[in-house]
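Whole structure, please, built from the sequences with the hints as guidance.
First to last, the protein sequences are chains L and U. Under the numbering used here, the first sequence has 13 at position 13, and the numbering climbs by one with no breaks. Under the numbering used here, the second sequence has 92 at position 92, and the numbering climbs by one with no breaks.
Hints are supplied without guarantee of correctness; some may be wrong.
To be verified - Pair ranges (Cβ atoms, derived): (1) U:E78 / L:I123: 50 to 58 Å; (2) U:G18 / L:D103: 53 to 61 Å; (3) U:V12 / L:G113: 47 to 55 Å; (4) U:K124 / L:G138: 20 to 28 Å; (5) L:E148 / U:Y22: 29 to 37 Å; (6) U:D135 / L:D103: 25 to 33 Å; (7) L:S33 / U:G120: 54 to 62 Å; (8) L:K87 / U:L71: 42 to 50 Å.
Bear in mind the hints are in silico, worked out from the structure with no lab data behind them. Note that beta-carbon positions come from the ideal geometry of N, C-alpha and C, so glycine has one too.
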Amino acid sequence: MADKKKSKFGQVEIMGLLIVVILVVVVIFLVVSFSAKTPPRNIQTTYMNDQMSTAFILALLDTSTECGNSVSISEVIADCAAFDRIKCPGGNSCTYLNESLDDMFNSTLVEWGVGFVFTMHHISFDNPGLNNFTFSQGCGYGSIAQRETFQIIPLWPRPDDVKVRIKICDS
Amino acid sequence: MTENIAIIMIIVFILIFGFVFYSKVRSASIKGKLKEYSELDLVKASQTISSLPELSCSRESLTDVGCINKLKLEAFIELGLQEEYYEYYRELFGKSKVTFNSTFPDDTINIELYNNPFDGINNKDSIFIPINIFDPINDTVNFGYVQITKYTQPLI
Chain L
1 MADKKKSKFG QVEIMGLLIV VILVVVVIFL VVSFSAKTPP RNIQTTYMND QMSTAFILAL
61 LDTSTECGNS VSISEVIADC AAFDRIKCPG GNSCTYLNES LDDMFNSTLV EWGVGFVFTM
121 HHISFDNPGL NNFTFSQGCG YGSIAQRETF QIIPLWPRPD DVKVRIKICD S
Chain U
1 MTENIAIIMI IVFILIFGFV FYSKVRSASI KGKLKEYSEL DLVKASQTIS SLPELSCSRE
61 SLTDVGCINK LKLEAFIELG LQEEYYEYYR ELFGKSKVTF NSTFPDDTIN IELYNNPFDG
121 INNKDSIFIP INIFDPINDT VNFGYVQITK YTQPLI
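The structure is reproduced here in structure tokens:
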């Protein structure tokens, strides 16, 4: 009788030990699951967005146009803002600028699916027709701004200038 | 006795389950690391290409950042990277593809500088860097981009 009781007690002990082992395994399982779920670093997208705003705006402003002789985009921007002296295919510098910028964005950032907002600030651009030359894609309220770069185009001899700004965001 | 065998079997089952689970977690983490290294390679290749003195524009002995000279690019292609220079550039670019494209005002420049894929199926990841492509003959600066595509082999 005493032996049977002892054996029963031993079984209960082993069951208890088993429950402890199972609990430990479950805890380890949960810990490893959570640690495995850590999102991987997206190096490529981060680097591209980081480089994009600066590289884009610098390349854009140096680009040649079909207006006059060796006139760059930054000179066309200055002309559109203040002087209106340069003649371009299809009209004046502002019309040309609007069409050219649209072309450039469509063949690059829009095609690559990169979210962006591009604006040019000057008092003469602040009207519904030009709307500060705003071009954008996928930079809504929920998106996170990655990088913002701006360049200043002086309108010498005038005291004012044009601010060209681009913001790259996660679309 | 039967209970002891049952308990041993349960413990063995837990051990096997744990081993399978751990190996799955490890394999997922290795895949993540491989992707990370491949992306780092891509970033490294893009930095190398952006600053290659063989291709970049220069004015009065000063290198122009973010600008590629079209004539240098054409001369570089004529070198024939598949021959004597191949090993050197393979070390720099690895398993990747590098193309230069212009979009404005001249959208006709589309030059493949280097292409070295794996045999068979390739996974691709691309990075785009906006640049200027300077044409010294017409004295025009085109707006364009360099596309670097990194090849990786699909994991089994």
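Evaluation of the provided hints:
1. U:E78 / L:I123: 50 to 58 Å: Given about 51 Å between the Cβ atoms, the range holds.
2. U:G18 / L:D103: 53 to 61 Å: holds, 59 Å
3. U:V12 / L:G113: 47 to 55 Å: Holds, at about 51 Å.
4. U:K124 / L:G138: 20 to 28 Å: At roughly 23 Å between Cβ atoms, G138 (chain L) and K124 (chain U) fall inside 20 to 28 Å, so the hint holds.
5. L:E148 / U:Y22: 29 to 37 Å: Once the Cβ atoms are compared, 44 Å apart, the range 29 to 37 Å for Y22 (chain U) and E148 (chain L) is violated.
6. U:D135 / L:D103: 25 to 33 Å: violated, 18 Å
7. L:S33 / U:G120: 54 to 62 Å: violated, 34 Å
8. L:K87 / U:L71: 42 to 50 Å: Once the Cβ atoms are compared, 30 Å apart, the range 42 to 50 Å for L71 (chain U) and K87 (chain L) is violated.
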